[in-house]
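As a plain string of letters, each chain reads:
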Amino acid sequence: MMSLFDKFQSLSDARHALIQTEPSPIGTRIDEILSSTEGRVDGRSVILAGTNNYLGLTFDRDCIAAAHDALDREGTGTTGSRMANGSYASHTRLEEELAHFFARPSAVVFSTGYVANLGLIGTLAGTDDVIVLDADCHASIYDACRLTGADIIRFRHNDASDLEKRLRRLGERTTNALIVVEGIYSMLGDQAPLREIAAVKRRHGGYLLVDEAHSLGVLGAHGRGLAEAEGVEADVDFVVGTFSKSLGAIGGFATSHHPQLDMIRYASRPYIFTASSSPATIASVRTALQIVDSRGELRQRLWANAERLYHGLSRLGFELGPEPGPVVATLLGSPQQGVAFWHGLLDHGVYVNLVLPPATPGGRALLRISVSAAHDTTQIDQIIAAFAALKPMLDHHEQE
Amino acid sequence: MVHLERLAPPDSNLRPDIDLVSELGLDSVKVMDLMLDAEDEFNISVPLNVLADIRTPNQLAQAINKLLESR
Chain Y
1 MMSLFDKFQS LSDARHALIQ TEPSPIGTRI DEILSSTEGR VDGRSVILAG TNNYLGLTFD
61 RDCIAAAHDA LDREGTGTTG SRMANGSYAS HTRLEEELAH FFARPSAVVF STGYVANLGL
121 IGTLAGTDDV IVLDADCHAS IYDACRLTGA DIIRFRHNDA SDLEKRLRRL GERTTNALIV
181 VEGIYSMLGD QAPLREIAAV KRRHGGYLLV DEAHSLGVLG AHGRGLAEAE GVEADVDFVV
241 GTFSKSLGAI GGFATSHHPQ LDMIRYASRP YIFTASSSPA TIASVRTALQ IVDSRGELRQ
301 RLWANAERLY HGLSRLGFEL GPEPGPVVAT LLGSPQQGVA FWHGLLDHGV YVNLVLPPAT
361 PGGRALLRIS VSAAHDTTQI DQIIAAFAAL KPMLDHHEQE
Chain C
1 MVHLERLAPP DSNLRPDIDL VSELGLDSVK VMDLMLDAED EFNISVPLNV LADIRTPNQL
61 AQAINKLLES R
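Those protein sequence lines, which keep their order, are chains Y and C. Position 370 (the first sequence) corresponds to 370 in my numbering; numbering is contiguous. Position 59 (the second sequence) corresponds to 59 in my numbering; numbering is contiguous.
By construction, these hints were calculated from the structure, which means they are not laboratory data. Since the model is a prediction, treat every value here as computed from it, not as a measurement. Don't take every hint at face value.
Stated by the list, open to error - Covered stretches of chain Y, as calculated for chain C (at least 3 residues, CB under 8 Å):
1) 152-161
2) 385-391
Stated by the list, open to error - Which residues of chain C face chain Y? A partial, calculated answer using Cβ under 7 Å:
3) Ser22
4) Leu24
5) Asp27
6) Val29
7) Ser45
8) Pro47
Unchecked claim - Listed next, with one range per pair, are the computed distances between beta-carbon atoms:
9) Y/Met2 to C/Arg15: 22 to 32 Å
10) C/Asn65 to Y/Asp143: 23 to 33 Å
11) C/Asp37 to Y/His257: 28 to 38 Å
Just so you know, even glycine gets a beta-carbon here, dropped at the ideal spot from N, CA and C.
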């Protein structure tokens with residue numbers, strides 16, 4: 001007899017073949033969070049270098065105070081959807097502040113970044129439309145595409161000429177084509193060639209959506225992301241982002257220069273049929289957004305740390321993603337090697353993310369280090385020293 | 001088939017009705033990458049939603065033919 005669970009057996013077997021002991025690199029239990037860069041895992045003090053906490057704001061005093069205040073005044077949760085009883089004044093104010101920050105007429109707040117992609121992409125495109133997305137886009141974008149009924153076409157990662165070829169094939173259908181790319185890609189930390197992509201869009205038409213999840217607060221003079229840094233904000237029709245990385249909380253948003261954006265509220269099921277963010281979350285995000293705008297030194301510190309780490313590991317001979325950034329990816333060989341190296345790093349007091357195929361490009365294991373403005377140079381050097389100490393593990397493997 | 005030979009494990013017995021996933025062991029990402037090459041060869045775009053119904057090289061060929069005819 002087949003059971004509902006049979007289809008998961010191969011996943012369970014694959015996991016068991018790789019990982020039999022705790023702590024596990026998949027779903028690691030972090031026993032204690034001591035600060036935005038320190039924690040305890042399996043009894044060991046570790047530097048947290050796998051958290052997406054790019055500006056280190058999770059422990060910012062002002063963000064915490066704002067969250068405390070909202071918690072005391074408005075309670076623990078809204079207990080309802082934005083469409084029903086879950087739109088407090090603070091949700092609306094955050095939307096106004098986001099719109100002002102991005103210099104666009106309006107913004108919509110969603111309950112997570114994942115839901116923001118489902119809620120915008122999944123609602124914007126319909127049966128007769130086309131979505132043309134970068135092949136390395138995040139799972140939330142792929143999942144959103146599945147909701148649409150539109151034709152979904154991939155182009156080769158970061159290849160503007162491949163995008164152009166695919167738009168050319170579409171002919172007049174580009175009128176209702178949605179091009180989807182990311183500011184910084186979450187696995188290798190590389191940036192989209194957005195100026196070239198924007199030029200392709202100008203030549204062929206269509207709408208351009210940029211997911212700035214990993215680039216908000218990180219790129220651009222004001223922290224608005226890659227579109228700001230590349231000077232192409234006017235070509236970007238939609239920006240989607242998350243509150244769970246540089247803004248240090250949870251939630252997501254969409255903003256656009258099209259005034260019709262507000263209309264999606266009435267059609268977007270991921271907006272309508274889920275509860276809204278808690279007042280404390282919204283309050284900390286509003287404060288964090290002000291910090292992104294006013295404290296450019298955090299961005300400078302983040303980039304100084306990212307450069308130090310990237311070049312330090314590069315000098316040691318590690319194979320890295322194509323460019324320095326808040327995500328520094330180290331490419332390893334087999335999944336087994338990845339697991340062994342991850343444990344080695346933990347023994348040296350460093351926590352990073354292990355990513356295994358098929359979530360990685362090229363079927364290789366990848367160690368994903370995320371850098372924070374809150375790391376001090378001593379911590380960055382400790383991470384580099386841990387990688388240096390473990391390097392013979394890889395060299396030995398290569399000789400075999 | 002040429003593109004498939006590059007992605008399939010060495011010494012695979014490639015047949016028109018081989019199941020790309022369950023028999024050949026290609027993961028979904030590899031199947032999608034196979035499509036990028038096939039699309040270039042025939043100068044077409046095969047939407048991912050069409051790909052969901054394709055299990056064998058034969059079915060892929062039929063889908064490509066259909067797209068070529070509808071141009």
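Here is what the structure says about each hint:
With 4 residues having a Cβ less than 8 Å from any Cβ of chain C, the segment 152-161 of chain Y passes the three-residue criterion, so the hint holds. With a cut-off of 8 Å between beta carbons, the segment 385-391 of chain Y has 0 residues touching chain C; three or more are needed, and the interface restraint is violated. At about 11 Å, the closest approach between the beta carbon of C/Ser22 and any beta carbon in chain Y exceeds 7 Å, and the interface hint on this residue is violated. Violation of the interface hint for C/Leu24 is found here, the shortest Cβ-Cβ separation to chain Y being roughly 15 Å, above the 7 Å cut-off.
Hint status for C/Asp27: holds, given a least beta-carbon distance of 5 Å to chain Y, under 7 Å. For C/Val29, the shortest C-beta to C-beta distance to chain Y is roughly 5 Å, which falls under 7 Å, so the interface hint holds. Interface hint status for C/Ser45: upheld, as the beta-carbon distance to the closest one in chain Y is roughly 5 Å, under 7 Å. Because the closest C-beta pair between C/Pro47 and chain Y is about 4 Å apart, less than 7 Å, the hint holds.
Restraint check, Y/Met2 to C/Arg15: a C-beta distance of roughly 27 Å satisfies the suggested window 22 to 32 Å. In this structure the supplied range 23 to 33 Å holds for C/Asn65 paired with Y/Asp143, their Cβ-Cβ distance being about 30 Å. The supplied range of 28 to 38 Å is met by C/Asp37 and Y/His257, whose beta-carbon atoms lie about 37 Å from each other.
Going down the numbered hints, you'll see the structure goes against 2, 3 and 4, while the others check out.
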